[in-house]
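Residues per chain, in single letters:
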Amino acid sequence: MLKINNLHASIEGKDILKGINLEIKPGEVHAIMGPNGSGKSTLASVLAGREEYEVTAGSVDYIDKDLLELAPEERAREGIFLAFQYPVEIPGVSTTNFLKTAVNQVREARGLDALDAVSFLKEMKAKMKLVDIDQALLSRALNEGFSGGEKKRNEIFQMAMLEPKLSILDETDSGLDIDALRIVADGVNKLKSDSNATIVVTHYQRLLDYIVPDFVHVLYKGKIVKSGTKELALELEEKGYDWIKEELATA
Amino acid sequence: MSDITIENKLTEMFDNWSKESVHLDSALTQVRKNAIKSFSDLGIPKLKSEAYKYTPVQRLINKNFDFSVSNQAAGWTKDACKEEFYQDDKANHLVFINGEYVSDYSEIRSTDDLEIKTIDDESFDQNAEIKNLMGKTRSIEKDAFAALNLAFFNNGLFIKVNKNKDAIDTFVYHFVDSESGQTINFPRILIIGEQGSRANIYEKTFSKGSQNVLALSILEASVAANAEVRFTKLQQFASNEYTIDGIYANQDKDSRFYTNTYSISGAVIRNNIHINIGGENSEAHMNGLYQIAGKSHVDNNTSVDHMVPNCYSNELYKGIMDENSRGVFNGKIYVRPDAQKTNAFQSNNNIVLSDTAIVNTKPQLEIWADDVKCSHGCTTGQLDEEAIFYLRARGIDKKSAKALMLNAFANETLEEVKNEQVKEEIEGIILNKLHY
Ligand SMILES: Nc1ncnc2c1ncn2[C@@H]1O[C@H](COP(=O)(O)OP(=O)(O)OP(=O)(O)O)[C@@H](O)[C@H]1O
Ligand SMILES: [Mg+2]
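Chains P and R supply the protein sequences, listed in that same order. Following this note's numbering, the residues of the first sequence are numbered contiguously, the last one being 571. Following this note's numbering, the residues of the second sequence are numbered contiguously, the last one being 447.
What the hints contain is simulated information worked out from the structure, not anything from laboratory work. These numbers come from a predicted model, not from an experiment. Quick reminder that beta carbons are idealized off the backbone N, C-alpha and C, glycines included. Some hints here could point you the wrong way.
Said to hold, decoys possible - Which residues of chain R face chain P? A few of them, derived with a C-beta cut under 10 Å, are: (1) Val363; (2) Ser365; (3) Gly392; (4) Phe420.
Said to hold, decoys possible - Heads up, simulated EDC-like pairs for lysine to aspartate or glutamate below, C-alpha to C-alpha not over 16 Å straight-line: (5) R/Lys410 - P/Glu567; (6) R/Lys128 - R/Asp115; (7) R/Lys409 - P/Glu567; (8) R/Lys409 - P/Glu371; (9) R/Lys219 - R/Asp115; (10) P/Lys546 - P/Glu567; (11) P/Lys420 - R/Asp265; (12) R/Lys48 - R/Glu152; (13) R/Lys352 - R/Asp408.
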């Protein structure tokens, strides 16, 4: 469903992604790990369509479409969802009001009728349960003054509401307490199906006990330098990244 | 530009009027004569005037008005006016046509809660309250346009909210017609909120005609002990309309006064608000939004005078400026030496949507008491790109994303508008304007 081919991207003249290759099939879970500043969030942002990044080479095919041609909102409507590493606070806009606009614009693009107030509320209630998020939180301004964990939970709640085909979770586990981690991971697992796929960006193997990846990739200096199965995550947890850096240096 | 000054032209106009007048020796004529004298002493604020630094009124008036004034408003028949009333048969609907209150076109539903009268020679003579209060609100004597209004206004509106009455809503409509020539209007309202009373007044304008219009409006409010007056004004003018608007209020103890001002369109709008808090434990609230585009120019000049201890004032003005518009905000908080335990807050936030829009904002704090809490903050910026991306990443198109954010930004100024119809109307106007 997603095919990234030799992707290069830069920001403010600085090259960040230096030739990413990655293929993701429906039903798969891919974990991306790697040291701070290696380009994980950049990759996530480029896939979601952040315009500050300039794609200097390569291509991304997404279900028969040239993803890089699409505006961020078009990508979302086509089923791409990015759970932000740092969700943005938007003063004055309530989560409920915002989500209603989002859900209905997405539905319209997918050829579905807009949800009326009642069915929207019903849908919300169901999805709130899934990630155990509080109603009071959703009537507040979007992410404004939310705790770190509340913001992350809200991301997954939005994901549940928008029913994406490809979800990119950028360090969704950071900031979550132990119980919340399990709840959020359970939520993600319940949303998983044979037809959708997930990219999980994380620093910690712990999340991968809950959301079990089919593949684990190591991103380093803008490239995927190693790929493997979930055992690779365990190895990284134990040994850190130095051995990979050394391998690269001697190669 | 002619060499004859505006002051001379207007004084001459006044002299001609007073010669023709059948009320030569009325008490009101005497007041008018004093007013035209103060006007020519004060003069139209010059370019150097600090208070009108960004709004060169003298030049604007000179350039756009020749004083061949016509005041005919044939376009506004009684039925045409009534068409525009809010759907509310439990409210008062009061009509001004080209600056004159027309009781005949108005619908008054009040019985014992509100007293509504025309201010003219007769009522001025007979009504001690009008005589004692009109043109006397503190600080109004420094305003040349208020003096001009006092000299020229014809058929003003007097509203008294009776003691301890919670009055029904009052809508004031200004119908303007400049079809038959340039028009200068002088609407004048005097409102008294008696002890323990509550009132909500809403004002709005409808315009016809393509000639230039100058509206010099004055509202005076006298808010007695424990009374509350809420005042909401929608300024949605045509591009040939120039407005200089003055609100002056005196507050007694335990009182509350609110102004909500929404400036949406027009050539030039200058709003002067001056609130005197003269009784303890009182509150003054000033909210405003200027959401403008094209070449509109909106200048809000407000001041609150904390004369006594233990009072609270809060001011929130927001601006959304697009295209070549200009927004000016000047908010003065004045705390006298005796006014200890004053809490005074002010904020002015602006969002600029184009490279060519301009904002000038200036807080002015003059605090002479030491035990006070005062704060002010102004911000001017663009829409947060991060936030727009976040919303778009959820499937919301760029235009809607901006509208969502701007709408949230603007709606904060609507919190004190109590009438749902009015609130919805203003929300609708705000939203509509966001589709740029
Ligand atoms: N606007 C920018 N200008 C310059 N450099 C930037 C900009 N944005 C990101 N970078 C740089 O790009 C590199 C990759 O950043 P990115 O956020 O993708 O890292 P990451 O792998 O997600 O790290 P972390 O694990 O800390 O979240 C970093 O060195 C960062 O400083
Ligand atoms: Mg990151």
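Evaluation of the provided hints:
no.	hint	in the structure
1	Val363	violated (17 Å)
2	Ser365	violated (19 Å)
3	Gly392	violated (12 Å)
4	Phe420	holds (6 Å)
5	R/Lys410 - P/Glu567	violated (49 Å)
6	R/Lys128 - R/Asp115	holds (12 Å)
7	R/Lys409 - P/Glu567	violated (45 Å)
8	R/Lys409 - P/Glu371	holds (12 Å)
9	R/Lys219 - R/Asp115	violated (20 Å)
10	P/Lys546 - P/Glu567	holds (10 Å)
11	P/Lys420 - R/Asp265	violated (43 Å)
12	R/Lys48 - R/Glu152	holds (12 Å)
13	R/Lys352 - R/Asp408	violated (49 Å)
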